[in-house]
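Engineer: Chains as they are written, first to last, in the working numbering: chain A, 1 to 73; chain B, 1 to 73.
Please note: incorrect hints may appear among the correct ones.
Note that identical chains are pooled: a pair holds if it fits in a single copy or bridges any two copies.
Said to hold, decoys possible - In silico DSBU-like cross-links for lysine-lysine, where the CA-CA straight-line distance does not exceed 30 Å:
{"#": "1", "residue 1": "K56", "residue 2": "K33"}
{"#": "2", "residue 1": "K56", "residue 2": "K3"}
{"#": "3", "residue 1": "K33", "residue 2": "K3"}
None of these hints come from the bench; they were simulated from the model.
In case you want the letters, here they are:
Protein chains: 2
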Amino acid sequence: MPKRTVLDPQGQTIQHALSGLGYRQVRDVRQGKFFVLNLDGWSRDEAQSQLERISKEVLTNPVIEEYRFEIVD
Amino acid sequence: MPKRTVLDPQGQTIQHALSGLGYRQVRDVRQGKFFVLNLDGWSRDEAQSQLERISKEVLTNPVIEEYRFEIVD
Chain A
1 MPKRTVLDPQ
11 GQTIQHALSG
21 LGYRQVRDVR
31 QGKFFVLNLD
41 GWSRDEAQSQ
51 LERISKEVLT
61 NPVIEEYRFE
71 IVD
Chain B
1 MPKRTVLDPQ
11 GQTIQHALSG
21 LGYRQVRDVR
31 QGKFFVLNLD
41 GWSRDEAQSQ
51 LERISKEVLT
61 NPVIEEYRFE
71 IVD
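From just these sequences and the hints, can you work out the full model?
Structural biologist: Structure representation (structure tokens):
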């Protein structure tokens, strides 16, 4: 997800398009990425710390993006 | 999110990269899009039905993608 302080031209374009289609109640759109990872072989604690690293070092650009993740059994 | 029956080359590339970096416990990756919409002027019921339409008609390609949304106050 782009940080709030970072411009999101894709989101703005979608907001414009929706407004043009009559959805004027949509005031703001931000677009981000979404990943579903299938894990096997880590305990829940290991998964927590490994996913922290994967998120920070591989899946996001920490300068302009923020992330959050959830572990589902 | 691409449907399970649809190939996801981006997700596969990420899975390969992670495996190469030593994260072999990540068996599968699927990549999708994520939108945060700021709404104003709809009741919760209206938001529910309008978001259903927006998801289906604007934000996803129903042939290859599936969606779900959540309304947060």
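Engineer: All the hints need checking, so say for each whether the structure fits it.
Structural biologist: Evaluation of the provided hints:
1. K56 / K33: Classified as both; 14 Å inside a copy, 18 Å across copies.
2. K56 / K3: both (14 Å within a copy, 27 Å between copies)
3. K33 / K3: So K33 and K3 pass the 30 Å test inside a copy (12 Å) and across (16 Å) alike.
Of the numbered hints given earlier, the model fails none.
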